[in-house]
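Build the full structure now, drawing on both the sequences and the hints.
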Amino acid sequence: MSAKAGTKNAAAPQSATNPTPQKELYPMVNWKYDMFLYSVGNIVDMFFREVVPRGAWRVPQTGPVLFVAAPHANQFVDAIILQRTLRYEANRRASLLIAQKSVHGFIGWGSRQVGSVPVGRAQDAAKPATGTVYLPDPINDPTLVRGIGTKFGEGEGEIQGMLFLPPGKKTTGASVDIAQILGPEEIRVKRPFKGKLALEQLTGRDDIDKDGNFTNKAHKGPAPGYQGTKYKLAPHIDQTKVYEAVFSRLRNGGCVGIFPEGGSHDRTELLPLKAGVAIMALGTLAEDPDCGLKIVPVGMNYFHAHKFRSRAVVEFGAPFEIPRHLVELYCNNQRREAIGQVLDMVYQGLNSVTVSAPDYDSLMMIQAARRLYNPTGKKLPLPVVIELNRRLCMGYERYKNDERITSLSKAVKEYNSQLRYLNLKDHQVQYAKMSTIKVVFLSIYRSIKLLFLFICTLPGLLLFSPVFVATKIISRQKAKTALAGSTVKIRGRDVMATWKILVALGFAPTLYNIYSIILSLKVWQDRLWGHVPDWVPFWLVYFMVWPLMVGITFASLRFGEVGMDIFKSLRPLMLCLSPSSNYNIHKLRLRRAELSAQVTDVINTLGPEMFDDFDKVRLVPDLFKTEGGASTSPTSRRRRDSDQSSTGFDAETPPALSRRSTTQSSRALPRNDSFSNIGTVGIFSTRPPSRARSRSRSSSSGGGFGSGGFSISGFTTLDSAGGFDEASRKIREAMKVRRRKTDQEKTEGEEEEEDSEEEVNGPNIYRNRLSGYYITLYTMTSPSHPPSSSSTTAAPPSSLPRMPAKQRMALSLKSFVSSVLGGGAPQPPSATELFVKVDPKVDGEECLHDCDGCTARYPRGFKIETEDVLYGQIKAWSTHLLVGTGKTDWVRDVADEKGSVMQAVEKASAPTNGKLMLSASNMPTPHDTDDYSEPTTLLLLPAFKLIHNAHPLNAPQLITEIINQAPTSTSPLSPTPLPASLPSPDPDAGVPALSLTDCPHNAVILMCSHRTRDARCAQSAPILRKEFERQLRPLGLYRDLHDERPGGVGIYYISHVGGHKYSANVMIYRRPNAFGLDGTTPGETNGTTTNGAQKTNGHTNGSSEEQAGTVGASQGIWLARVKPEDCENLIRYTVLRGKVVKPESQLRGGFDRERGLMSW
1 MSAKAGTKNA
11 AAPQSATNPT
21 PQKELYPMVN
31 WKYDMFLYSV
41 GNIVDMFFRE
51 VVPRGAWRVP
61 QTGPVLFVAA
71 PHANQFVDAI
81 ILQRTLRYEA
91 NRRASLLIAQ
101 KSVHGFIGWG
111 SRQVGSVPVG
121 RAQDAAKPAT
131 GTVYLPDPIN
141 DPTLVRGIGT
151 KFGEGEGEIQ
161 GMLFLPPGKK
171 TTGASVDIAQ
181 ILGPEEIRVK
191 RPFKGKLALE
201 QLTGRDDIDK
211 DGNFTNKAHK
221 GPAPGYQGTK
231 YKLAPHIDQT
241 KVYEAVFSRL
251 RNGGCVGIFP
261 EGGSHDRTEL
271 LPLKAGVAIM
281 ALGTLAEDPD
291 CGLKIVPVGM
301 NYFHAHKFRS
311 RAVVEFGAPF
321 EIPRHLVELY
331 CNNQRREAIG
341 QVLDMVYQGL
351 NSVTVSAPDY
361 DSLMMIQAAR
371 RLYNPTGKKL
381 PLPVVIELNR
391 RLCMGYERYK
401 NDERITSLSK
411 AVKEYNSQLR
421 YLNLKDHQVQ
431 YAKMSTIKVV
441 FLSIYRSIKL
451 LFLFICTLPG
461 LLLFSPVFVA
471 TKIISRQKAK
481 TALAGSTVKI
491 RGRDVMATWK
501 ILVALGFAPT
511 LYNIYSIILS
521 LKVWQDRLWG
531 HVPDWVPFWL
541 VYFMVWPLMV
551 GITFASLRFG
561 EVGMDIFKSL
571 RPLMLCLSPS
581 SNYNIHKLRL
591 RRAELSAQVT
601 DVINTLGPEM
611 FDDFDKVRLV
621 PDLFKTEGGA
631 STSPTSRRRR
641 DSDQSSTGFD
651 AETPPALSRR
661 STTQSSRALP
671 RNDSFSNIGT
681 VGIFSTRPPS
691 RARSRSRSSS
701 SGGGFGSGGF
711 SISGFTTLDS
721 AGGFDEASRK
731 IREAMKVRRR
741 KTDQEKTEGE
751 EEEEDSEEEV
761 NGPNIYRNRL
771 SGYYITLYTM
781 TSPSHPPSSS
791 STTAAPPSSL
801 PRMPAKQRMA
811 LSLKSFVSSV
821 LGGGAPQPPS
831 ATELFVKVDP
841 KVDGEECLHD
851 CDGCTARYPR
861 GFKIETEDVL
871 YGQIKAWSTH
881 LLVGTGKTDW
891 VRDVADEKGS
901 VMQAVEKASA
911 PTNGKLMLSA
921 SNMPTPHDTD
931 DYSEPTTLLL
941 LPAFKLIHNA
951 HPLNAPQLIT
961 EIINQAPTST
971 SPLSPTPLPA
981 SLPSPDPDAG
991 VPALSLTDCP
1001 HNAVILMCSH
1011 RTRDARCAQS
1021 APILRKEFER
1031 QLRPLGLYRD
1041 LHDERPGGVG
1051 IYYISHVGGH
1061 KYSANVMIYR
1071 RPNAFGLDGT
1081 TPGETNGTTT
1091 NGAQKTNGHT
1101 NGSSEEQAGT
1111 VGASQGIWLA
1121 RVKPEDCENL
1131 IRYTVLRGKV
1141 VKPESQLRGG
1151 FDRERGLMSW
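Residue numbering for the sequence shown follows full-length UniProt numbering, beginning at 1 and increasing consecutively.
What the hints contain is simulated information worked out from the structure, not anything from laboratory work. Just so we're clear, the structure is a prediction, and the values are computed from it rather than from any experiment. Any given hint could be a false lead.
As the list claims (entries may be wrong) - Once the Cα atoms are required to be at most 25 Å apart in a straight line, the calculated DSS-like pairs of lysine-lysine come out as:
{"#": "1", "residue 1": "Lys101", "residue 2": "Lys232"}
{"#": "2", "residue 1": "Lys210", "residue 2": "Lys151"}
{"#": "3", "residue 1": "Lys413", "residue 2": "Lys307"}
{"#": "4", "residue 1": "Lys413", "residue 2": "Lys425"}
{"#": "5", "residue 1": "Lys232", "residue 2": "Lys480"}
{"#": "6", "residue 1": "Lys307", "residue 2": "Lys425"}
{"#": "7", "residue 1": "Lys232", "residue 2": "Lys169"}
{"#": "8", "residue 1": "Lys425", "residue 2": "Lys438"}
{"#": "9", "residue 1": "Lys413", "residue 2": "Lys841"}
{"#": "10", "residue 1": "Lys151", "residue 2": "Lys127"}
This is the structure:
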């Protein structure tokens, strides 16, 4: 593949006559591109409250890509948002097409920085022409246009030029190409005019139906005495250079973006697509059929695009390629047919990522229906809101003539009018539920809070009110100007956001400069009334005032935003207190409940008829069915009292893994999954170590003398299985009591030393394994111990950490217990026997060096324990269950999460096939909520199975019929059949039926992010995740929470696994020969590409093999003390090849089922 456009080694096309690369017409310089997007992007971030990417993983990482974006509802802001999202979410730079008339001033300079291609448009050059035009015979000769007082061919109009008709009130004006000039008052156009408005304008007749057909075919001409309509003419635009620039960039593997509607608009539906996008794609493939061009539809979905602090969702659709037969048609002079089919493909792709409604009133009605369809009052993520709007629009278009829909639409519109009459938002109707006392106290509290915020906002409001006034006035004037010169706009709102930003960019620095000069002169005059010392030069004041002004501006914006939300929330509170209005709002709440039930019933009735997967991928849970299955308190369903936009939702949580591809989110993380604002939460610190609190779980449960867990005399009862079980039970009960007391104290921070791993049920693990721990560690650290045969290299004894006295004492005690219990278990393998260590002779010198290009680092003061020997100190585990919660932090013990699957599994009977490691994870839930009463998704390891519809009520069935039958860490590497689905144990109670699918990943990386246990986990996990992603993306192996492509590596956060003083803890599960690189040297493969999507060792990723069974994970590797600079080698050797890089300092243990080895 050729080098990507926009890079230094990008080459232009060559030919036999021109062997040297041609210079690009509109070159892109990477650093200019990135600097411009960074600078302007920050301004855009201030304008929008939230810009959510969705489906960015679908963007191809290499090769030519043509991005088609719609609707074009925000002029130049659309371009910045699209380019910034592509750069930061997909690591692609794209050249966009920009209107030639806009390439001047700041916009022109900015377009050159990002390599935009200027395009001349006919509508930009259209000018009013003399005379009027009409159709003399619309029935028999609809392409013949006759004029009155026109001058066709005499300075006005030309062949291949265009004729434009005036727009209607809510309809776009028609336009056609001129095919032939027959005389000064007569021309012939290439195609007949279509549509009711165009034919009314050209004939003056009133017998035209809504589809543009004449009902009276006997009358051939226009209406009697009709004098025609005004019109505009545009010259022919030569686009040769534009196509050359686009073809060149695409052939060289670059990206090009285009808004195929041809111009910005503020309509609620897509405009007809221009043929240019099809010509660009077909022309590129005609010149280079094997270039691999892909077209990616992009939906630019806004909530009040022209308003300050609004929201947006940028959704990327599934990429598609143009079939070869269409390219052949294009090359064989059948261009019209080929272009038409490509436009149809593009239009269908855009429909899957945009929301189109016939008019604004219908869109408002549909959005109201969407809010009523969510009676739980829970906030939905913006991508789900967009998907709901899209589906409701599709359903409305299909069933709009149904009597149920027409009556319901009328009722919803009446409800909307009542809300407007009371000046309320839909979610504020719920205030009527509050008691009078609560309303009074809430009003007082919010009024006090609003007063405080107003005082904080007042300085900035006074200082920068000229900017606010200027942006509003100028943006409205520009909207009127754009509306007057457009045939497609309704109110011209598509230009308002752009001009608000442009005016602020120019006016705000000017105002800062004026204030700085005034203060500097005042200091020079009288030292600011004597408040500034004499030693301060007046010119220094000028440079000090600038950052002060910027800070005041930002603070005022933030305080003002919060204050405005509170101010809007006061009105419903006042209505609740007003006797005259109280009845109205209570009546409106009852009406809302009735409408909600009606809307839900209609959607649940018609939805399955339109969408085959309606019940399977339900975006909003059926409240009535859910309440039948699990009780949910009303308070848990009450939404927060804050004024929202018309969407009513602003939180974002990712869709479920089982969600079909068209409803997936981009790689953007949910708020509870983002640690970029970690500094705003408070200072993350751990409790200072002390003798009273600095003790591990093992020591507090009898792991050390004098620990207080139980007395030494208690060991005399451990000579029987019953005695051992009784001691273990008492230990666990005592530790739970201590954890509850710790949680109740609400202390901040955590112990400096970490609790040891989970307790093991039953005496078998102790009897079989404890006696070998000390021997294994001794053989690892002893200088006389020879290297194992399977080890490629042996670290010198001096490089191994020395075992501290405390750890040696604990191991001695364990050895003593093992001898008392009669332990005679075989010695576990050493670290280099369990997993092969990298060898520079085989793997290259890179394995000895950390990542040089890694810039990420842990924060200052991040402490990691480095003295303890890690290997062999973890307890055995047989299966590992990850519970999707959509969160990254939980209570101290996840089994104490009330009403969760974790709690239900903990209370259920223990698995019969060994120890179950239970972890909460940030895997998304099917309904994109963190409500534990709703079903969720589980990942069972090492089986690599996704378990759907898990619920606290079916936890016993989960353990007995799935986990007990699943492969374990000690079972042989052979297929283990598991059921594809299980019937519900109690359908009448609403218990969902469990179903199993194969996990699409070839490997998973698990990292502890449990901040409640230790702040270091919350700090290290997002840093490592970002670095892992940086290493995996170039390989095409990165998979985020919503990516269902087969193969690749999934990365998830999990709850506490033990040993947070060794942060960061990383667990890696790999399928056998996961990427076809096991046993190879770097650069070699053994028949499977590294994307992991091919069939390896009898497993085809992404396929459902429940009947035949799959082998699951071959290796489970548990590492600790992982730093960002370790990530490159961990991906290169551990994830891709199953080798360990630093076993002596990082390996805690694990298993290798293929060789039957475990570290315990």
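- Would you pick out the hints that fail for this structure and give their numbers low to high? Numbers 2, 9 - these are the hints that the structure violates, sorted from lowest upward.
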